[in-house]
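2 protein chains.
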Amino acid sequence: MNSFRDNLRKITPYVPGEQSKEKDIVKINANENPYPPSPKAVEALKSFNTDTLRFYPNANANILKEALAEYYGVGVKNVFVGNGSDDVLALAFQSFFCGELPIAYPDITYSFYPVWCDLFNIPYKTYPLGEDFRINIEDYKEPNGGVVIPNPNAPTSLGEGEDFIRKLLEYNRDSVVIIDEAYVDFGVYSSVKLTEEYDNLLVTGTFSKSRSLAGMRIGFAIGSAELIGVLEAVKNSYNSYTVDSLSIDMGIASIKDDEYFKETINKVIATRERVTNELRSLGFEVLDSQTNFILATHEGYNMKELFDYLKTKKVFIRYFSLPRIEKYVRVTIGTDDEMDRFLCEVKSFTEGK
Amino acid sequence: MNSFRDNLRKITPYVPGEQSKEKDIVKINANENPYPPSPKAVEALKSFNTDTLRFYPNANANILKEALAEYYGVGVKNVFVGNGSDDVLALAFQSFFCGELPIAYPDITYSFYPVWCDLFNIPYKTYPLGEDFRINIEDYKEPNGGVVIPNPNAPTSLGEGEDFIRKLLEYNRDSVVIIDEAYVDFGVYSSVKLTEEYDNLLVTGTFSKSRSLAGMRIGFAIGSAELIGVLEAVKNSYNSYTVDSLSIDMGIASIKDDEYFKETINKVIATRERVTNELRSLGFEVLDSQTNFILATHEGYNMKELFDYLKTKKVFIRYFSLPRIEKYVRVTIGTDDEMDRFLCEVKSFTEGK
Chain A
364 MNSFRDNLRK ITPYVPGEQS KEKDIVKINA NENPYPPSPK AVEALKSFNT DTLRFYPNAN
424 ANILKEALAE YYGVGVKNVF VGNGSDDVLA LAFQSFFCGE LPIAYPDITY SFYPVWCDLF
484 NIPYKTYPLG EDFRINIEDY KEPNGGVVIP NPNAPTSLGE GEDFIRKLLE YNRDSVVIID
544 EAYVDFGVYS SVKLTEEYDN LLVTGTFSKS RSLAGMRIGF AIGSAELIGV LEAVKNSYNS
604 YTVDSLSIDM GIASIKDDEY FKETINKVIA TRERVTNELR SLGFEVLDSQ TNFILATHEG
664 YNMKELFDYL KTKKVFIRYF SLPRIEKYVR VTIGTDDEMD RFLCEVKSFT EGK
Chain B
364 MNSFRDNLRK ITPYVPGEQS KEKDIVKINA NENPYPPSPK AVEALKSFNT DTLRFYPNAN
424 ANILKEALAE YYGVGVKNVF VGNGSDDVLA LAFQSFFCGE LPIAYPDITY SFYPVWCDLF
484 NIPYKTYPLG EDFRINIEDY KEPNGGVVIP NPNAPTSLGE GEDFIRKLLE YNRDSVVIID
544 EAYVDFGVYS SVKLTEEYDN LLVTGTFSKS RSLAGMRIGF AIGSAELIGV LEAVKNSYNS
604 YTVDSLSIDM GIASIKDDEY FKETINKVIA TRERVTNELR SLGFEVLDSQ TNFILATHEG
664 YNMKELFDYL KTKKVFIRYF SLPRIEKYVR VTIGTDDEMD RFLCEVKSFT EGK
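Chains as they are written, first to last, in this note's numbering: chain A, 364 to 716; chain B, 364 to 716.
Same chains, same label: a pair holds when it works inside one copy or across any pair of copies.
The calculated BS3-like cross-link candidates involving lysine-lysine, where the alpha carbons are at most 25 Å apart (straight line), are:
id	residue 1	residue 2
1	K676	K716
2	K373	K440
3	K488	K373
Source of the hints: derived by calculation from the structure; they are not laboratory data.
Extracted from the complex, chain A is given alone in its bound form:
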């Protein structure tokens, strides 16, 4: 018996993380920035000519590409923009990973990579991180259909330098290599400059973390004109206008306000270092984060219990019940006040034990 159900996509729903609506909470579970977006981005919103919203957005969001090209010192033809970096990465997976060989990425990394592979029928192989949660560069010598490495990696918080990336690119001249730089602004080497040397390198970024614009959905990629051209062709076969008019203008304003950007980043980094030290003084093991979050554990306590305890105190952190990282908690860096409340509740947890 025929049914329309036969032709439906069989897929396991991916359930996005819950967002609490409670008041007076400390929300340090989604790697969001504790500081508001640039006042110049806010001004771009407030002064926006709303009559123009009846028009479709600027074609291919070219004016935003121009601002990014200028900021990163590349050509406009080397820049792609999308509806958050998830959109950019999903399009990149569809655009560059059309071969038979499995693509390669670490076993502990951004949880969307296998989801996109399943959605687009891309074969993949994961390579385990070392005991120290570092990527073993030699794993990526094996022939593959493409490579994806977040730098810094999440949820480990660990970044790699230029030597590592160059080695990775030398090992993979015949694959597209994507470096996912969602957290790069918080203090690790950026591979953007290498896109001039390597035409198989795509670097992706987002306005959701360092630029406090998660609510506006702006992601981008930088790479050779050839890679960007394929990405653009696939995107234009999907949806011509993925970035809306307000996001375009606010994105431009944010990019042009480098002073506020650096100030915000530096505040987050200073708080991160302080919290890392305080946790270590309480006996926690904390990885050397180069992101806006930390991965921490303690030999004496069960981290799932800590996670649950903090929840009762309205402090929301992240716990992954996954092999190898089930002994850790991931904590986003909030404001100093938020982190003081977090530290205070951590102390009350350890003292209650």
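With chain A's structure known, arrange chain B on it following the hints.
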């Protein structure tokens, strides 16, 4: 010799329509609304708490779904929202057309349907419209892997009533039937109510035309909880947050301002009827539009020449150099002033001949 180029997606770039940056133009080429969005949507923008933009948008844009569910008298579980109706339709193609049989749609219709079929490797078969540009319902009796019908159709501007849609659904109990209602608000029967009777029916809509919010990228779909569930699962495997925080709030405000909505629609319809009559009095053949644009031709003149002539006068309409409709021009309904300038230039064109 291996190369990363072997694994790149081979795709013909789809080039979106050009957007002119000139001043003092009459832009009646993209079916945009000539009136600004609801003042309540503008107020939602101006009063938006920008500090919250550092957070990801409301999960699954549920608050916008709730507003749409109330407006259309359906359950929240029957509503899907996306980044413009192109995003919604592209996801629907991926979600519902996974069979072997070709999907069915008219030969003259929205130009993105074959693009999505190519992108997602969906077999398709087109059925020619009649000489009167009407859809022949009997064509859709043939076994198929799914059906897509825009109602009203574009660029023909012609709509169909309840009898037609019911017949279509009766012929296709074993296929998902998508009714693309991008232009429905300008005066044709909406199939939304039928989603309660037919669990294989998906109706899609957009805020880009009747709600003057093309710049904010808001699309939606209404259907059985089963279809919406699959759509949601595919979307959440692609990008969890496709509609940004401002679009959500502005969309809700627009939906709640029914008075302004109806007023705008009625103005567009009144102008459409007037322009249709004036063109007919000039000897043009104009189809009975149920949209915010008209399809027109004239036995005595070459429409490509009219299109080119108007361009020199800074009046931008649309011409398709495609079989069967190459004898027509498509003209979006602008304000009365804009249409007066259009009509004046049309007269100067015909008089110059």
